[in-house]
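Peer 1: For reference, the chains in residue letters:
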Amino acid sequence: MRLRELSLDDIESLAVGAWVLGTGGGGNPYLPLLNMRALYRDGHRVQLMDSGDLADDDCVGTVANMGAPLVGQERLTDSLTLARAVTRMEEHLGRKFRALMSMEIGGANGVRPFMAAAHLNRPVVDSDTMGRAYPEAQMTSVAVGGLTPYPLTAVDVRGFESIVHKVPTWKWTERVARKICVEYGSVAATCQPPRTGAEVKKWGIHGTTTKAINIGAAVRAAQRKHEDPVAAILSVESGKLLYRGKVIDVARRVTEGYLRGVVRFDGIDEFRGVGAHINFQNEWIVAYRDGQPLAMTPDLICVLDTVSGEAVGSETVRYGQRVTIIALPPPAVFLTPKGLEHVGPRAFGYDLEFRSVFSQ
Amino acid sequence: MRRIGIDVGGTNTDAVLIEEGKVAGAVKAPTSEDVTAGILDSLKTLAATGVLKGKKIDGVMIGTTHFINAVVQRRHLTKVAALRLGMPASASLPPFCDWPEDLANLVRGGVWMVEGGHEYDGRPFMPLDEAAVSRAAQEMKAQGLKSVGISSIFSPLDPSHEKRAAELVSAVIPDAVITCSSDLGRIGLLERENAGLLNAALADLSRDTIAAFEKAIRDSGIAAPLFITQNDGTVAEASQARRLPVYSFASGATNSMRGAAYLSGLSDAMVIDVGGTTTDVGQLKHGFPREANSVVKVGGVRTLFRMPDLLSIGLGGGSHVELEPLKVGPVSVGYRLLRDGIAFGGKQLTTTDIAIASDVLKLGDKKKVAHLGTAVCKKVFDEAARMAEEAIDRMKTEAGDVPLIAVGGGAFLIPEKLPGVSKVIHVRHGDCANAVGAAIAQVSGECDQIFKDLSRTEALSAAQGIANDRAVAAGAERKSLQTIESEDMPLAYLPGNSVRVRVRVVGDVAGA
Numbered sequence: 001m002r003l004r005e006l007s008l009d010d011i012e013s014l015a016v017g018a019w020v021l022g023t024g025g026g027g028n029p030y031l032p033l034l035n036m037r038a039l040y041r042d043g044h045r046v047q048l049m050d051s052g053d054l055a056d057d058d059c060v061g062t063v064a065n066m067g068a069p070l071v072g073q074e075r076l077t078d079s080l081t082l083a084r085a086v087t088r089m090e091e092h093l094g095r096k097f098r099a100l101m102s103m104e105i106g107g108a109n110g111v112r113p114f115m116a117a118a119h120l121n122r123p124v125v126d127s128d129t130m131g132r133a134y135p136e137a138q139m140t141s142v143a144v145g146g147l148t149p150y151p152l153t154a155v156d157v158r159g160f161e162s163i164v165h166k167v168p169t170w171k172w173t174e175r176v177a178r179k180i181c182v183e184y185g186s187v188a189a190t191c192q193p194p195r196t197g198a199e200v201k202k203w204g205i206h207g208t209t210t211k212a213i214n215i216g217a218a219v220r221a222a223q224r225k226h227e228d229p230v231a232a233i234l235s236v237e238s239g240k241l242l243y244r245g246k247v248i249d250v251a252r253r254v255t256e257g258y259l260r261g262v263v264r265f266d267g268i269d270e271f272r273g274v275g276a277h278i279n280f281q282n283e284w285i286v287a288y289r290d291g292q293p294l295a296m297t298p299d300l301i302c303v304l305d306t307v308s309g310e311a312v313g314s315e316t317v318r319y320g321q322r323v324t325i326i327a328l329p330p331p332a333v334f335l336t337p338k339g340l341e342h343v344g345p346r347a348f349g350y351d352l353e354f355r356s357v358f359s360q
Numbered sequence: 001m002r003r004i005g006i007d008v009g010g011t012n013t014d015a016v017l018i019e020e021g022k023v024a025g026a027v028k029a030p031t032s033e034d035v036t037a038g039i040l041d042s043l044k045t046l047a048a049t050g051v052l053k054g055k056k057i058d059g060v061m062i063g064t065t066h067f068i069n070a071v072v073q074r075r076h077l078t079k080v081a082a083l084r085l086g087m088p089a090s091a092s093l094p095p096f097c098d099w100p101e102d103l104a105n106l107v108r109g110g111v112w113m114v115e116g117g118h119e120y121d122g123r124p125f126m127p128l129d130e131a132a133v134s135r136a137a138q139e140m141k142a143q144g145l146k147s148v149g150i151s152s153i154f155s156p157l158d159p160s161h162e163k164r165a166a167e168l169v170s171a172v173i174p175d176a177v178i179t180c181s182s183d184l185g186r187i188g189l190l191e192r193e194n195a196g197l198l199n200a201a202l203a204d205l206s207r208d209t210i211a212a213f214e215k216a217i218r219d220s221g222i223a224a225p226l227f228i229t230q231n232d233g234t235v236a237e238a239s240q241a242r243r244l245p246v247y248s249f250a251s252g253a254t255n256s257m258r259g260a261a262y263l264s265g266l267s268d269a270m271v272i273d274v275g276g277t278t279t280d281v282g283q284l285k286h287g288f289p290r291e292a293n294s295v296v297k298v299g300g301v302r303t304l305f306r307m308p309d310l311l312s313i314g315l316g317g318g319s320h321v322e323l324e325p326l327k328v329g330p331v332s333v334g335y336r337l338l339r340d341g342i343a344f345g346g347k348q349l350t351t352t353d354i355a356i357a358s359d360v361l362k363l364g365d366k367k368k369v370a371h372l373g374t375a376v377c378k379k380v381f382d383e384a385a386r387m388a389e390e391a392i393d394r395m396k397t398e399a400g401d402v403p404l405i406a407v408g409g410g411a412f413l414i415p416e417k418l419p420g421v422s423k424v425i426h427v428r429h430g431d432c433a434n435a436v437g438a439a440i441a442q443v444s445g446e447c448d449q450i451f452k453d454l455s456r457t458e459a460l461s462a463a464q465g466i467a468n469d470r471a472v473a474a475g476a477e478r479k480s481l482q483t484i485e486s487e488d489m490p491l492a493y494l495p496g497n498s499v500r501v502r503v504r505v506v507g508d509v510a511g512a
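Order-wise, the sequence lines are chains Y and F.
My numbering puts the first residue of the first sequence at 1, with every later residue one more than the last.
My numbering puts the first residue of the second sequence at 1, with every later residue one more than the last.
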């Protein structure tokens, strides 16, 4: 059994890297990071586990917060509430989890499983179900795999506990859990439908926590040495630099409960005179250059602050920001016909045939 | 309208009189250790020019870096009791949790967290535990704490729990100075709470400083109300500034940009403010500096203050110059320029020496720099221009050429032509742009909250009404109010068309 204890420095890097993999959504991991600093100060430690070390019949708990990132800025994520979502699920199942796992490595949820793990003294599997952030529950590798979409526990810090006992599809998991979350005040700690070791090994997206740590470590090292942090990311990931520019317009609107809109850019440096825009639904979905599609989901589109290399989110992107847009390769599971059905451009309402920037 | 603007800088205290839209007088006096004397000196010098004679002054507007320096230098800070309403939420991240340890140790008098707070839609999150608040107040009293910062979940939406808790604390500690986080605006509990705690930590310094400013004005014989300039280029009445000193943190940079706008008559342009040690580059939009994008750290503490988006580079009138190989800045002789510069008998070659050698400035002893030939001087000026050009390009948000206003004592380093700039504008009194910006400051009001079940137009208009009322409460004349920022953000996942609206309005000081 190979367990790797994470240092606080690893977790600092994880927070920076998870925000990059958030592809515009998922919420800034700063508050979960603060929680981890406090937990480490109090002597807690967390361990990372390779999915290959799970036994087929092990039981794995998938941890995530649900809700509006804005509410999370006022009702700050509490590590004990996340841990309670996990133990509530264990009580419901009548068995203990061997390990915990991220639902979504991108954004704040990339760090949250470690907050629960610190209290529960359970390792976290180095895998997730998105490899990035996505807005809906059926946009996961386990949903593409057609795995059981229930039960789900949702816990409120005031002690409210709900269980979504049975639903027919992942879309229904999303609908029912979302309703509970809204009644709680648009934030809930959840333990997602449990997985067996065999399911994680087959359908998990592997090595994503390590990937986030590596990206974050590269950015932080470049910041310290006053080097180009974007180049540093591209040195540890096989990504592509797509564009450099300044934000010249941001239009946001809510439709069907999601934050959608367009950000427009004017090119700088070698992109001077070249226009670009990105359409988003919480996350960056399709990027265009001079009106032609440049990159699209499931390719990861990452908008980075050109100077700091840190990610820029769709909720916080603002006029005048100087950014660099890069693409990172998507998880293979989303490149299958079934995967593209769940997360390809058509799943977001774009009449586009998926074309990866990495196959050009 | 007749106003005096004063900029209390690190080296000089500048004072200007603005009368009927014109600079009627401008003077400089050295900044004193005791601020009062420097202000008094500058006012006396201004009076000695005869421009004030027998005239009614509508206001004295002072810009100061006093409060931000206290935080950055960890001086003159008061111990604070932090009271947060919102349990059981957020318990794992208590007040001061993300402060640098040295500052937290200086300021943290104690932390109390009790039940209370609201939801995003205005429903109570938990009823306020009044008994627990009163118990906390007793403990604060026992510890001798008199400065209190109160924060509550979603208080920008509903400040009632914070206000009630303030009453309960006052009942136990009648002379308590209380900062409610809802007075500091924005959504974001930790950042808003941090701002409130910093504000509470400045309680004593703020009381003493504002009293010193008022005394200096009184002693100078000027009968005019005192205003303090704010981060956003507006002013607050002395009483409000005393209560909320954090709002004047970044007023120096803002004043110089607003002053540049006023002196040049342009409202949309780039501004380059060349001081003794550093050069700040920013962008004016509608006569106000463009604000920084996000979280601003003050003395290492994350806050959500409205601060101008500036790029600072190490270039100024006191910058060290090395000729082989050519290097200008970032080290500077600073306030020792008139002693250490070669033209003044010192040993350090500075950009000012270069300007004297090439007849750009008439200062010091030109003979001492006569050995600097035309070619050498040109190289140094070219290097300074290159540094400025790069900074301007990084701050520009549009592709075409833009006008550039050059102000500050070191503005002579900026040439008449720069790539990417349509024209360079050097203005008269540009070396006092800070004080001019203070003199012309306006009053603002802001609203930042979530509206539910309203159309976008209705929500914007409701927010505008609130911002207008706040501006009037802060001393603005209602009929002069103008909206200068309006931003709406629909909230993902929230039901019922929730939209977060932020509106900012400004207007002239009433009676001006």
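Rather than coming from a laboratory, the hints here were simulated on the basis of the structure.
Treat each hint with caution, since some may be false.
[Stated by the list, open to error] 25 Å max Cα-Cα, derived SDA-like pairs, lysine to any residue:
| id | chain 1 | residue 1 | chain 2 | residue 2 |
| --- | --- | --- | --- | --- |
| 1 | F | K141 | F | P124 |
| 2 | Y | K179 | F | K327 |
| 3 | F | K327 | Y | R224 |
| 4 | F | K297 | Y | Q223 |
[What the hints assert, rightly or not] Rough simulated footprint, nothing fancy, chain F against chain Y, three-plus residues with beta-carbon under 8 Å:
| id | region |
| --- | --- |
| 5 | 7 to 14 |
| 6 | 78 to 90 |
| 7 | 350 to 359 |
As the structure is a prediction and not an experimental result, all values here were calculated from the model.
Idealized CB from N, CA, C, for every residue including glycine.
Peer 1: Against this structure, judge whether each hint is valid.
Peer 2: Verification of the supplied hints:
| no. | hint | verdict |
| --- | --- | --- |
| 1 | K141(F) / P124(F) | 29 Å, violated |
| 2 | K179(Y) / K327(F) | 63 Å, violated |
| 3 | K327(F) / R224(Y) | 23 Å, holds |
| 4 | K297(F) / Q223(Y) | 17 Å, holds |
| 5 | 7 to 14 | violated (count 0) |
| 6 | 78 to 90 | holds (count 3) |
| 7 | 350 to 359 | violated (count 0) |
Comparing the model with each earlier hint shows violations of hints 1, 2, 5, 7; every other hint is respected.
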